[in-house]
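Engineer: Letter by letter, the chains look like this.
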Amino acid sequence: MVVRALHDEGVKYIYGYPGGALLHVYDALFRQEDVQHILVRHEQAATHMADAYARATGKAGVALVTSGPGATNAVTGIATAYMDSIPMVVITGQVMSHLIGEDAFQETDMMGISRPIVKHSFSVSRAEDIPAIIKKAFHIAQSGRPGPVVVDIPKDMTSPTERYEYEYPKTVKLRSYSPVTRGHSGQIKKATDLLLAAKRPVLYTGGGVIMGNASAELIQLARMLNYPVTNTLMGLGGFPGTDRQFIGMLGMHGSYEANMAMHHSDLILAVGARFDDRVTNGLDKFCPTAKIIHIDIDPASISKTVKADIPIVGPAQAVLAEMIELVGASKKQPDAAAIKTWWDQIDEWRTRHGGRYRTDDSDKMKPQQVIEMLSKVTNGDAYVCSDVGQHQMFAAQYYKFNKPNRWINSGGLGTMGFGLPAAMGVQMNFPDADVACVTGEGSIQMNIQELSTCKQYDLPVKIINLNNQSLGMVRQWQDMNYESRHSHSYMKSLPDFVKLAEAYGHVGMKVEKYSDLEAAMREAFAMKDRLVFMDIYVDQFEHVYPMQVPRGSMRDMWLTKTERT
Amino acid sequence: MRRIISVLLENEPGALSRVVGLFSQRNYNIESLTVAPTDDATLSRLTVTTVGDDRVIEQITKHLNKLIDVVKVVDLTEGEHIERELMMIKLKASGAARAEIKRTADIFRGQIIDVTPNTYTVQLIGASDKLDAFISALGTATIMEVVRSGVSGIARGEKTLSP
Numbered sequence: 022m023v024v025r026a027l028h029d030e031g032v033k034y035i036y037g038y039p040g041g042a043l044l045h046v047y048d049a050l051f052r053q054e055d056v057q058h059i060l061v062r063h064e065q066a067a068t069h070m071a072d073a074y075a076r077a078t079g080k081a082g083v084a085l086v087t088s089g090p091g092a093t094n095a096v097t098g099i100a101t102a103y104m105d106s107i108p109m110v111v112i113t114g115q116v117m118s119h120l121i122g123e124d125a126f127q128e129t130d131m132m133g134i135s136r137p138i139v140k141h142s143f144s145v146s147r148a149e150d151i152p153a154i155i156k157k158a159f160h161i162a163q164s165g166r167p168g169p170v171v172v173d174i175p176k177d178m179t180s181p182t183e184r185y186e187y188e189y190p191k192t193v194k195l196r197s198y199s200p201v202t203r204g205h206s207g208q209i210k211k212a213t214d215l216l217l218a219a220k221r222p223v224l225y226t227g228g229g230v231i232m233g234n235a236s237a238e239l240i241q242l243a244r245m246l247n248y249p250v251t252n253t254l255m256g257l258g259g260f261p262g263t264d265r266q267f268i269g270m271l272g273m274h275g276s277y278e279a280n281m282a283m284h285h286s287d288l289i290l291a292v293g294a295r296f297d298d299r300v301t302n303g304l305d306k307f308c309p310t311a312k313i314i315h316i317d318i319d320p321a322s323i324s325k326t327v328k329a330d331i332p333i334v335g336p337a338q339a340v341l342a343e344m345i346e347l348v349g350a351s352k353k354q355p356d357a358a359a360i361k362t363w364w365d366q367i368d369e370w371r372t373r374h375g376g377r378y379r380t381d382d383s384d385k386m387k388p389q390q391v392i393e394m395l396s397k398v399t400n401g402d403a404y405v406c407s408d409v410g411q412h413q414m415f416a417a418q419y420y421k422f423n424k425p426n427r428w429i430n431s432g433g434l435g436t437m438g439f440g441l442p443a444a445m446g447v448q449m450n451f452p453d454a455d456v457a458c459v460t461g462e463g464s465i466q467m468n469i470q471e472l473s474t475c476k477q478y479d480l481p482v483k484i485i486n487l488n489n490q491s492l493g494m495v496r497q498w499q500d501m502n503y504e505s506r507h508s509h510s511y512m513k514s515l516p517d518f519v520k521l522a523e524a525y526g527h528v529g530m531k532v533e534k535y536s537d538l539e540a541a542m543r544e545a546f547a548m549k550d551r552l553v554f555m556d557i558y559v560d561q562f563e564h565v566y567p568m569q570v571p572r573g574s575m576r577d578m579w580l581t582k583t584e585r586t
Numbered sequence: 003m004r005r006i007i008s009v010l011l012e013n014e015p016g017a018l019s020r021v022v023g024l025f026s027q028r029n030y031n032i033e034s035l036t037v038a039p040t041d042d043a044t045l046s047r048l049t050v051t052t053v054g055d056d057r058v059i060e061q062i063t064k065h066l067n068k069l070i071d072v073v074k075v076v077d078l079t080e081g082e083h084i085e086r087e088l089m090m091i092k093l094k095a096s097g098a099a100r101a102e103i104k105r106t107a108d109i110f111r112g113q114i115i116d117v118t119p120n121t122y123t124v125q126l127i128g129a130s131d132k133l134d135a136f137i138s139a140l141g142t143a144t145i146m147e148v149v150r151s152g153v154s155g156i157a158r159g160e161k162t163l164s165p
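Chains A and B are the protein sequences, given in the same order.
Read in order, the letters of the first sequence correspond to residues 22 to 586 in the working numbering.
Read in order, the letters of the second sequence correspond to residues 3 to 165 in the working numbering.
Please keep in mind that the hints were generated in silico from the structure rather than gathered at the bench.
Remember, it's a predicted structure, so these values are computed and weren't measured experimentally.
The beta carbon of each residue, even a glycine, is placed where N, CA and C say it ideally should be.
Nothing false has been slipped in among the hints.
Label pairs and their in silico Cβ distance ranges:
| hint | chain 1 | residue 1 | chain 2 | residue 2 | range |
| --- | --- | --- | --- | --- | --- |
| 1 | B | Asp56 | A | Asp382 | 58 to 68 Å |
| 2 | B | Asn67 | A | Gly31 | 26 to 36 Å |
| 3 | B | Val22 | A | Phe51 | 33 to 43 Å |
| 4 | B | Asp56 | A | Thr192 | 37 to 47 Å |
| 5 | B | Glu160 | A | Thr326 | 34 to 44 Å |
Could you build the full structure based on these sequences and the hints that come with them?
Structural biologist: Below is the structure:
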């Protein structure tokens, strides 16, 4: 029933790992060919693969893990998806119903453990409910503000000896759940008037534009108004990275011009972004002169940290489309002179701190140079799946994302080990695309066993390992706040990644000189059917800048090791 | 400010733990909590009293509404409402205290619902501050045990909370 329901839901791949509680389900998988199961090497990777599929396509990914340790191994992946509002259905096996609560072998209370990190969860207590529960799980995961849903299934609920009537429901009705489909027209009208009257506006957009499929509307509205656009870490690609109106990412490691523009703005239009602490910096000093319009599908995200002057609850796409219509029909148009002055100011900021890193005469590579090369070699079109740390920020800053759903990273939870499985999930579903995993020698070792899965399924991911022989982000904070006491932020026993890649049956490359980088990277991306592990030695001492000064305002930033605003 | 929030909840296993979990997960305060099924067997009615400023209360009601098992949420303190709580209190009652306790209970319209030669158990129903006032009014009497049900509330007038 489980497998049949997944098939009827249109699922092509599920990512998982078998175990005792799931043996009936795995037997059913074996006896059919429609739903393909991808065997990972650790359950965390299964959840990240499903998650990345969802990030790249907008549709819920599916992971299948067994009870007990299988389920607990999936927890990090579920939390990762929850924090970034990613639709995912995680099916966990459970011990037989009559054993629940008796500390049975491989029993864990998955409903309890996962409760704070799921949008919703179901425990199956009658086998005949399985099709309806799976339907509801997908509906809840994918609608409204998306999120992960856990379905916990005791082993006896999947027993092949019991037979039931099977019917997959066409629709779902839940009396307590009906996500909004459009915004309040009166509020949208008020917001549009405010928008048109602004003299120093900024469009601040986040992951809601990506998952809400509203990139086209955002671009159209921004063009009509000629207003600057900044993206959050989760929102990159929602507006083209090479566009003149794009002023970069904002926040802790945001661009100088984006943070300055936010601080000095008189109007912020926030779309599908949640004013989180990595964006706002000190809340009491946040954008003192700005009025705030906040569009979000989740009412609880509005006025959570920063009070909105005009809250609009609704899907980004529908609300922006309505705004476009109103702006088009309005007699009032933006104040061209004020906007010109505003752009002059932004361009001055842009020029003042345009080149944000310095190179020296040596052939030592800066990590930023590697990302810029990646952007060049792949024309800004690759799926870039990142791990967490300095390399993630460099990728966010220097890769020019021109399309949505191409930048795949763990923004909210900051999960090291996310990158490689994420790249696998994307590559599996887009076999011909360039998929890069931007990582560091710290993160990659958190799920390096998946190189084996890559071999089994011929996943030609390109691993860009920015090897600085230290946990760079931790060390940066230690440099800045702990007088360079590098407590446990370096590794003295790194493996030979080239040999390691070869041991798993892949291609390994070591690059130590900038002059070798372009040729090597082109060679790697030319190998369409091979996974290439590029172990790239970069400057060990580089920091990520700009970096906001803790508890300061948006404009308080370190710009280099010695220079601050 | 103290608020009384009423919630209609699907009568499903685990639904209550989602509500309680939400409060601890987001660091909201629970002063009292009551829950029981309603006339509709598929629904439970839950009443929670909490303390917080307007921003926190707004977040609490929004997050409660987001829970899939939650059907309806209302902040009763936003309008005219009635709140009641039941208390049973066991007191040492011998000598002169015995008559004094009886008198105090009568003043508060409490009932003595269990008697032994040395104790009284008093039942009292009312708003929480009335129950507090009764405890203070007992003065030097020795309290052996207090059981309070937590607050239940209902809106005044024709307003109802229904799915």
